[in-house]
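Residue numbers (my numbering), protein chains in the order written: chain B, 1 to 1058; chain W, 1 to 255.
Because the hints were derived from the structure by calculation, they are not lab data.
Certain hints may be false.
[Stated by the list, open to error] Derived pair list, reagent style BS3-like, types lysine-lysine, alpha-carbon separation capped at 27 Å: (1) B/Lys596 x B/Lys159; (2) B/Lys782 x B/Lys660; (3) B/Lys188 x W/Lys175; (4) W/Lys83 x W/Lys175; (5) B/Lys188 x W/Lys215; (6) W/Lys43 x B/Lys565; (7) B/Lys570 x W/Lys43; (8) B/Lys1050 x B/Lys727; (9) B/Lys102 x B/Lys122; (10) B/Lys641 x B/Lys658; (11) B/Lys782 x B/Lys1045; (12) W/Lys51 x B/Lys570; (13) B/Lys565 x B/Lys1050; (14) B/Lys220 x B/Lys122; (15) W/Lys215 x B/Lys316; (16) W/Lys130 x W/Lys78; (17) B/Lys570 x W/Lys78; (18) B/Lys96 x B/Lys220; (19) B/Lys565 x B/Lys220; (20) B/Lys645 x B/Lys660; (21) B/Lys984 x B/Lys951.
[Said to hold, decoys possible] Here are the computed distance ranges between Cβ atoms for each label pair: (22) B/Pro583 x W/Thr56: 37 to 47 Å; (23) W/Arg255 x B/Gly786: 50 to 60 Å; (24) W/Gln55 x B/Ser271: 46 to 56 Å; (25) B/Ser787 x W/Gln55: 28 to 38 Å; (26) B/Gly884 x W/Thr56: 53 to 63 Å; (27) B/Trp538 x W/Thr133: 39 to 49 Å; (28) W/Lys190 x B/Phe806: 30 to 40 Å.
[Said to hold, decoys possible] Some chain B residues well away from chain W (every beta-carbon gap over 10 Å; in silico): (29) Asp91; (30) Val417; (31) Thr420; (32) Gly464; (33) Pro500; (34) Ala740; (35) Trp784; (36) Leu816; (37) Gly819; (38) Glu854; (39) Leu856; (40) Gln942.
Don't be surprised by glycine CBs; every beta carbon is placed ideally from N, CA and C.
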Amino acid sequence: MSDNIILYYMDAMACSIINSSNHIRNARCIGIHCLNLLLVMIVSQNVYAQSTSLSSPQRLSQIISPSTPESSLGERNLQGLMWNLPAELKDQELKKAELLNKLSTMELNNERFPNVLNGITKLEQLIQQLPITGRVLLPQQDPRWLEVHPTFDPLLSSKDTLTIPQNSRWVTVIRDDGRICQLPFRSKVYAQHYTSLCDIKDDALSSWAWVVQPDGKYEKVGLSSWNQSTQISPAPGSWIWAPSSPKLFRQTIDALPWTAKRHYTDDFSESFAKFLATQGPSDAKAINETIKADRTIIDSPLMLVQSQRNEPTDLKVTASDWGSIGLMQTPSARMLPSGSALFNYTHVTPYTNYNFLLQPFDNLETTFRYTTDTNHAYGTSELSGNQSYLDKSIDLKLRLIEENAVLPQVAVGIRDVTGTGLFSGEYLVANKRYNNIDFSLGLAWGYMGNRGNIKNPLSIFGSGFSTRPAQDVGQGGNFSFGTYFHGPTALIGGVQYQTPISRLSLKMELDGNNYQNEPFGNTLSQRIPLNFGAVYRWDNANISVGIERGNTAMISVSFFDHLSKLSTPKLSEPVPLPVSYQPIQSPFGVRNIDPKQIEIQPSQIVILNSNNETSLNEKKILGDQKQTILEIDTSSNINSKLDIKRTSQDISAQSGWKLKSIQTKEKRWIATLDAVDGVYFNDRIDRVISVLHRDAPIDITTFELRFQNYQLKLIKQIVNRQAWMLKHQQLLPPSYVTLATPQIDEYSGYSPSIALFDSKTVKSEVVNTELKDDILEAERSKPWSGSTGLGFQQNIGGPNGYLFAFSAIAQGNLRLWDGAWVNGFLNLRLLDNYDNFTYDAPSNLPRVRTYIREYLTTSRVTIPNIQATQVIKLGDSHYFSAYGGFLESMFGGVGGEWLYRPLNSSLAVGVDINQVRQRDFDQRFTFQDYQVFTGHLTTYWQTGWQDILVKASAGQYLAGDRGMTLDMSRSFSNGVRMGAYATKTNVSAADFGEGSFDKGIYVAIPFDAFFTKHTAETANLLWSPLIRDGGAKLYRQYPLYDLTKMRDQKVMQFGPIQ
Amino acid sequence: MPNFAWRNFKIAPQLSCGFIGLLSILFLQACTSASDAALQTAKSAFTNTSKLIEQTSLNPQFSYLRVNVSGLDALLVKGYIDKDSNGSIDVWYASDGSILRLQEGRYLGSVGFDNNWQNVSYQNSPTFNKIVTEFDRPNPSPKLSSVSSFYPIEQYYFSRSHSEMPSYKAVLNEKLSAIVSKNAPSNIPKTLKSYLNGKSLIWVTEQSSQSSSEKLSNTQSWYGFEKLSNQYELVIGQQCLTTSFCITWMPWPVR
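One chain only, chain B, in its complex shape:
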């Protein structure tokens, strides 16, 4: 919201009541000034009564303003306010028909079950009786708040109706057999209580319900001991749709995608909840009069009072000693929500774990870890001093079954999938919750199951499962499929109890390890196989303490957050320009949606040019003159002259992008913008349009924005100016919002047969915009730019321990011509502990990466990158780049790339080729002897499933090895990306060295998610166990896939979490 608040207000007005509808009872005026026009607001007793229309456009905030004498906020049920539009009826009618179709399909699937069939038929009849209202949901109903948030304040036209229901005291439950159950509202009573009181048959228990509030917001809520969670409370007038759950295993079978749906799916329930949201508050009397259905009225305050004591609580999930969600030594089947990350430190003598957990999907958990073992040295004292042994490992946990009323949640996991095998283990674990207690029970193999107190159940598939082969880890980093789930097996499990102290949980577990087969032949004493712990939680952290093995203390600290929910308001950005009302025509062939223009005849319009800076840009109705004055804020609008310098400066200040030119083509303004980069594009685009809207002549109906980066043509957007303006001035109904959404189109690149502009170019700063087909060029920015900043590098997990360096970095950029520039970095190492950096990893390959110590420590002043780049787009989808120079800190040379990326396509393909030579360690201007040709063919696939992007590339790597890299990542709506990659080349595991092949896990967080100012940068945290020479790619500065990211619809949707 803007810093500037301009309060719109209406003078106190008289009120008149004009209404005589027979359908309306208890009508009362809420205060609209009426002279010779009929302005009336009706308060309807129930949602099904017909309401009288308004006769001219009015802001909702004005209509329900408490300024009027007869209005009193406390007496009106504004939460149930209904704004009904005829324009929405068609869409809602379609949705109702879809609902009924779904029920018809269910009827076919249940022909053999008369009871079920009968219930579906009754529900069908009930839905048929519910009216189509055209209701548009209001995000907020407070008139004083709406006044200062005009984008949420609808402008009601004479065709709309507004209904303010009386306060309801009832909550209505709809069961899946079409029965309606009505109960009096009671504070602190939740959906589970209302539905359980409405259950007549024992077999009609519900696990889930959809609570639809009087304002139309709805939420799926858990009703049972296994799925209850913190949830919204049904307000008076709520609807609760509570389909009964299928019995026993039918629930699981019904969830299978190929199963004929005999029961109500979540998809149906979601649609039904949306439909109920259009109905307004549920009112007992209205339902009785309008709907013919079996109904139960339960008016038993005593039963409801008893329900007040049970407030639903969340299941608390906390990290185990190994980072994975679980108890202490044993993991559970529980998981964090997708998009979460967790860092955990745990110490249980002699081990210390540093765990980092990422949850890319709801059903997949990944953890990577460093474990120090104080019983064993890292290496010789010459190599690593007195540093303890450090083990690196990656875990995976996959949820197999999601908990339901019958089945427990089940997960399978592997600890240390590709590591040294010292702590390797596998498990299959199930969890079932009963209110505040979460039980877990499972089987463990390997390190976790060293107790071996039960026979391996998998031995029924062969005696080979009874023994666990000695793990030949070789260089480590390989899969050991022959050992997984083999050998001695132990029972694991325990309970987690949520105490009445909301932040405190207690844990007890049965440890599957007897600690007699610890790494390096060690043993640890264990008094009892039970571990006990307590966890105290804060919002983003918790601390755990416990006693393990009956004789050893445990302490653990965790920090966690939902990375996918990160969002920070852009407090440091300039205040967005206000969007003033202009009587803009709709583009040719597009319907006019401006209620101020629709309501009046052209002959009645008089344009009044006001110089009053405080103009409200509101239509004023002159009663007797029967004329409408559209008052234009001419203080900010230049109708005939354009100061393109000012426009350019404001666009730069608002968006950080550069205006190149503005061209007028009849009623269209074509604005070309360069340096268009970022993560959250839409906010910046709106800011650009707000400048154009301010400066464009009133007859311009369409903006065409052409986006470039480094003069590389990306996309263009077509903006319906009228719809965009209205969207930024008032709440638009859903059917209009699509008109206000910019349409993305191809921005063609250079083609000899196409003349992009055949118009005259004008370069003066202030130009008469009545000249058609002119291109106004903005002043070119200076060709060079630069910046300085701080850098930080770290190295974790090597024999020299933790290494770090702080640097000062200067960056410069010189634009040469269209699409060509020179860019460079200068790095000055300021503070580091590189005196400790002595280790050089051995290598059997050309040392293309393992000279890292030399590159980092030889010189304090380095030039990591300086290169010239040329980019160009040919035709619609072909992008090319050519570059040369010191391309990265270790290699320099020349290269080129071609990318074929059709607009909005899920597929793209590119090829890069590079001839490079190894740089000297001082990273200045000299080279070593080693040179190589490297390049890859890469395909990019937006799978459309769980927002996963797959990048597969094949080619020759820096060490001359050939192979392929597979990179999979999942993006979230705020731009956060979690992923993993692996590279396998024709280098043997022995030649590759420790780790066997290159792999890593990464998380990328756009700085837009946690800085108060827009930036295009992304924070990348890559965890790659080792730096090796095999499978090493050239770090290219400007990959075309990144430069052209605007062509991806998914990327264009990234934005702050609302």
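Based on the hints, put chain W in the right spot on chain B.
What follows is chain W alone, placed relative to chain B:
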């Protein structure tokens, strides 16, 4: 009320400092173009809004209210005085458009904060003037109940209804009691407490009068009054909307 243009303080979501602070250290790599954004973010995070408010020159045409919401200070300006049968309602605006309603000094709802009450109404609530006047009399009225025979404390009973958002918890006819004393509450925000030094205040505390098993909410409000030229004036007030979310307000500038 006239129009006003107002640019000052935002009730913005608190910048995340814990886990993300840790991550940002890990992520701080060679990104020179992000340095400016990082600097601006640090400035926002460490801006002393309390000091900023104290240094702000005020327009004498407007009335101001200093509020503390979950530890963050902001300055609000009065936008409307709405009429109501239970007394006039002051509508206060923050620069981000959040609003706070006070009726005769009592919290009557808000919109735009992390937690808000809406549709707040009081039934049979005593006026503060009556409460503090009775308390300040040499011989308090005998009709008031006493909860302690050793230290008489005036206690008033009334009820309140509200809807808590975004949880939609509606509480109807919650029985409340108001207690008057000279003892200051313990949870006065630090940034406001210093303005109460040297003042002799009468404190009115309102909380649920129902037994713990029947309590509809576990919230409390309190108000501090100072006697100035035979008039009792509200110096500070607080309403907790949940057990951990409180709004505290103070007419600004402090007399």
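- Query: Broken hints, numbered, in rising order?
  - Reply: When the structure is compared with the hints, none of them turns out to be violated.
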